[in-house]
Every structure is written in C-alpha cells, then in structure tokens.
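All chains should be modelled from the sequences, with the hints used to inform the complete structure.
Chains as they are written, first to last, in this note's numbering: chain R, 1 to 82; chain F, 1 to 82; chain H, 1 to 148; chain Z, 1 to 148.
Be careful, since some hints might not be right.
Unchecked claim - The list that follows gives simulated cross-link-like pairs (lysine to aspartate or glutamate, EDC-like), each with its CA atoms no further than 20 angstroms apart:
no., chain 1, residue 1, chain 2, residue 2
1, Z, K21, H, E48
2, F, K18, Z, E48
3, F, K18, F, E39
4, H, K122, R, E12
5, Z, K122, H, D73
6, H, K21, Z, E87
7, Z, K135, Z, E48
8, H, K21, H, D39
9, H, K21, Z, D11
10, Z, K21, H, E87
11, H, K135, H, D11
12, H, K21, Z, D146
13, R, K18, H, E48
14, H, K21, Z, E64
15, H, K21, Z, D39
16, Z, K122, Z, D38
17, Z, K21, H, D39
18, Z, K135, F, D48
19, Z, K135, Z, D146
20, H, K135, R, D48
21, Z, K122, F, E39
22, Z, K122, H, E123
Since the hints were derived computationally from the structure, they do not count as laboratory data.
In case you want the letters, here they are:
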Amino acid sequence: MIDVLYFAWVRERIGLPKERLETSAATVADLVAELVAREDRYAAAFADLSALRVALDQNLSSFDAPLAGVREVAFFPPMTGG
Amino acid sequence: MIDVLYFAWVRERIGLPKERLETSAATVADLVAELVAREDRYAAAFADLSALRVALDQNLSSFDAPLAGVREVAFFPPMTGG
Amino acid sequence: MALRVQADPFDPGAELSAFAKGRHNAGAVVTFTGVVRDDGGLTRMEIEHYPGMTERAIAAIMDEATARWSLLDCLVIHRFGPMAPGESIMMVATAAPHRGDAFAAAEFLMDYLKSRAPFWKKEIAADGTAWVAAKDADEDALSRWDRQ
Amino acid sequence: MALRVQADPFDPGAELSAFAKGRHNAGAVVTFTGVVRDDGGLTRMEIEHYPGMTERAIAAIMDEATARWSLLDCLVIHRFGPMAPGESIMMVATAAPHRGDAFAAAEFLMDYLKSRAPFWKKEIAADGTAWVAAKDADEDALSRWDRQ
Numbered sequence: 001m002i003d004v005l006y007f008a009w010v011r012e013r014i015g016l017p018k019e020r021l022e023t024s025a026a027t028v029a030d031l032v033a034e035l036v037a038r039e040d041r042y043a044a045a046f047a048d049l050s051a052l053r054v055a056l057d058q059n060l061s062s063f064d065a066p067l068a069g070v071r072e073v074a075f076f077p078p079m080t081g082g
Numbered sequence: 001m002i003d004v005l006y007f008a009w010v011r012e013r014i015g016l017p018k019e020r021l022e023t024s025a026a027t028v029a030d031l032v033a034e035l036v037a038r039e040d041r042y043a044a045a046f047a048d049l050s051a052l053r054v055a056l057d058q059n060l061s062s063f064d065a066p067l068a069g070v071r072e073v074a075f076f077p078p079m080t081g082g
Numbered sequence: 001m002a003l004r005v006q007a008d009p010f011d012p013g014a015e016l017s018a019f020a021k022g023r024h025n026a027g028a029v030v031t032f033t034g035v036v037r038d039d040g041g042l043t044r045m046e047i048e049h050y051p052g053m054t055e056r057a058i059a060a061i062m063d064e065a066t067a068r069w070s071l072l073d074c075l076v077i078h079r080f081g082p083m084a085p086g087e088s089i090m091m092v093a094t095a096a097p098h099r100g101d102a103f104a105a106a107e108f109l110m111d112y113l114k115s116r117a118p119f120w121k122k123e124i125a126a127d128g129t130a131w132v133a134a135k136d137a138d139e140d141a142l143s144r145w146d147r148q
Numbered sequence: 001m002a003l004r005v006q007a008d009p010f011d012p013g014a015e016l017s018a019f020a021k022g023r024h025n026a027g028a029v030v031t032f033t034g035v036v037r038d039d040g041g042l043t044r045m046e047i048e049h050y051p052g053m054t055e056r057a058i059a060a061i062m063d064e065a066t067a068r069w070s071l072l073d074c075l076v077i078h079r080f081g082p083m084a085p086g087e088s089i090m091m092v093a094t095a096a097p098h099r100g101d102a103f104a105a106a107e108f109l110m111d112y113l114k115s116r117a118p119f120w121k122k123e124i125a126a127d128g129t130a131w132v133a134a135k136d137a138d139e140d141a142l143s144r145w146d147r148q
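Structure (structure tokens):
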C-alpha cells in the first residue's frame, strides 16, 4: 500500500488530495501509467509530465525513480513559494 | 577666504575641527603644501596623502583639483560608515 | 535558527526586533519580507502547502545556508492559507558578523524557497482564479548557487 | 524616499513596520541593519560625521539606487555620536515589486555608505582607543557596481 498525495491544480483536476493505493508499479512512471489508465481525470492531470514534480517520502525525486520501500508519493506543479 | 575642515584623526593631529584661511593656493595640493610648511602638526597630519581624502564644497575631489571658487575644503581619512 | 510555517499573520517589524535584540556578536542583520502584491484586481491570495515536507525542505535549505556562510542565526517564517493584498506572506532574517554573508545567505534562502519549498500560490481576483505559474527566472536564480 | 542622520537610537523593527505598512504594490521589502559588534572588550563606539556633506552624499547614493533599479521606496537611517555594543548603528530598507531589485539596491546602498558617506568610526575599548581603518574589501565591493 502506498499513499499518493496531490497538490494545487493536480489535486483540483484529480478531485482529491490523497488516496491509498495497492500498486505493483516499479517506478514513479509506472505508477503514473496505472493512474492514467484508470480515469480521464488522471489522464488530464498527468497529460504533461514536464509540468509536474514528484516527491518520494517528502524528498524531491524524478519520474524514473524506483518505488521500492516508498510509503508516500506526492505529485504537484513546480513550487511557487517565497 | 576659505573654510578648511578636518575630521577623525586628521582633526585630532591638527588639534582643531575647522579654521578660516587666507590663501592664494591654486590647487588642493598647493594648499596642503602651505599648511605643511606652517607647523609640525600639519606636517604630521599630511605626511601620507594616500591615506587622506579631500572634499571641495562637500563633494569628494582630488588633490590636484583647482581651488578657484571653492568655499569649503575638508580633509579626512577614508570613510568608514555603514 | 528558527523556522515557522503558520496560517496566522505575523508582524515583520516585531520579528526583526526579536531577532536582532541584544546581538553583541553580529554586525549585520538582513531581512527579506514578501508581501502580497496587488497588481490590480487581486481579492486575495491562497497558499497551499505540503505539511511535513515543507518543514523538512526549509530546514534543509537553512542547514545548507549555515554550512555555506558564517551565520550566527537565521529565521524563516512562511504562511499558508488565505491572505489579503498588503499582508506579509513570508520573511527571512539572517545575522552574521559581516554584511556579505548576511546578504548572500538571505538571497540564497529566498531563491530556494521560491522554487524548492512545497508551496503553491493561487490568486483570486474579481475576474477569476489562477494558480501562479513558476517563473523561469526563479529557476535561473537558483543556478547561480551551484558553485560555491 | 526618506533619509535620517541622527544621534538618537532607533528601533529597526519599528522602522520596518512603518516602512512596510500597507504596501499593496511592493512584493519585496529588504532591510539591512548594522549593529555595534563587540569583538571582545569594546566599551563603546563613536561615530563622527560631516554635517551637510553626509546628507548630500547619502541623498546622491539614494538617487543613484532609484535610477538603477525599480524601487518603490527606500530608507536610510544613520546614527552619529556614541553608541554601545549591541545598539543599531544604521539601517537601509528598500521596497520593490520584485526581490532582485530590492536586494541589489540594498547591497548597493550599503557598499556606498561603507566607503563614500562621510562617517568615521572610533572604537573605545578597555585597552585603548582606535579609529577603524577602511578595508580594502569595502573598496573592492564598490567596484562591482561600476557596470550596470
């Protein structure tokens, strides 16, 4: 089981802030492919991966990173703090 | 007549903050030469011109600048504000 | 070193007073305050954040600043939630023996907070609502710190 | 734009609050505060200045900063006379739509104040009294502004 979090317009497009998933995805990209195949709202959110960032267990990571041992994945647009 | 002002250790060496002088010096350097010739305390203050700065009518200037029309000359060490 | 991520408003002046108080060893204190700017028609701004990762990311940035420059102290405050034009969004303060370190560390912290701390700004205006897009300029600003 | 050359102490926090108050057009406010640093044994600092030229030189530096960067406002406060370790010597504040301008203008103002405004610092310590020598580093810091 893995927690998947969505923020900002990713959260708005998918329509929820967080979900708990059963997945056998080996990498972040595999997980994205699973989600996109599920429903249109996921396909809409993940249409352009270059506009997205991913964090694994609260550390910025990349889409080709492995998911083994990861408990929390978060997807969001580039940050706009400060 | 010209007002001559001294600041910081220049003032301390010369022993006064300000004096009013009659001078026919053409440049700042000429004025310095006149002062140095007057008394040892001036010679001590002006021993190393590279350690001094000069302002003419409250604008930073140089030792070869002409004195024509100038009403206030000030001598001081490099500034240490901020 | 202090870090606060909060919904409540804060007073940058009071924060500077507290931060600078009785420092006998620091010659230089620099602050940056980010303010909600009204470019015309902005009703309010809302900031979303990632609780947990936010604190972790900012603490890492502060550690990095402390490792790179001779700092005696630093402070980061960042708000989330709704805020009105003119309100302070966030603040950075640095204290150092010399001004170069205080300025460089404050700019470094700002550049990292802009594009590496998980906050997202949304602008609510009379004519609509939009997520603020990340700027290339902010990404470029980061790259100047790649070399020490 | 405000400039104060004064003997009286001032509170940097209160100054920042007043400076930043109700700014709806500025996204970025930067402050620098210079503090009397006690390197060990310092009893007090005394600052001498050149009345008239001081105001004129600082106003010229502020005009230059305003011409170089997109500033909405700037403030310089500089004290003269005696002051104790831990007291604020001077302060610069800048307000701009964007942080790059606010930071650059504040650093520029500081670099010029350090070596172009007619102030001279004297340190009075238990073991003697000495005029603070100008630093080559401060002269070098100035040269980075030669080109725009």
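Tested hints:
1. K21(Z) with E48(H): With Cα atoms ~25 angstroms apart, K21(Z) and E48(H) exceed 20 angstroms; violated.
2. K18(F) with E48(Z): Roughly 14 angstroms between the alpha carbons, so the hint for K18(F) and E48(Z) holds.
3. K18(F) with E39(F): 16 angstroms, holds
4. K122(H) with E12(R): 12 angstroms, holds
5. K122(Z) with D73(H): 27 angstroms, violated
6. K21(H) with E87(Z): 9 angstroms, holds
7. K135(Z) with E48(Z): Given pair K135(Z), E48(Z) holds - Cα atoms ~18 angstroms apart, limit 20 angstroms.
8. K21(H) with D39(H): 35 angstroms, violated
9. K21(H) with D11(Z): Holds. K21(H) to D11(Z) sits at ~10 angstroms (cutoff 20 angstroms).
10. K21(Z) with E87(H): Holds - the C-alpha atoms of E87(H) and K21(Z) are around 9 angstroms apart, at most 20 angstroms.
11. K135(H) with D11(H): 28 angstroms, violated
12. K21(H) with D146(Z): This hinted pair is violated, its Cα atoms lying about 36 angstroms apart.
13. K18(R) with E48(H): 14 angstroms, holds
14. K21(H) with E64(Z): Distance ~32 angstroms between K21(H) and E64(Z) Cα, so the pair is violated.
15. K21(H) with D39(Z): Holds - the C-alpha atoms of D39(Z) and K21(H) are around 17 angstroms apart, at most 20 angstroms.
16. K122(Z) with D38(Z): 13 angstroms, holds
17. K21(Z) with D39(H): Status holds; Cα separation ~17 angstroms.
18. K135(Z) with D48(F): 17 angstroms, holds
19. K135(Z) with D146(Z): 18 angstroms, holds
20. K135(H) with D48(R): 17 angstroms, holds
21. K122(Z) with E39(F): 26 angstroms, violated
22. K122(Z) with E123(H): Distance of about 52 angstroms is beyond 20 angstroms: violated.
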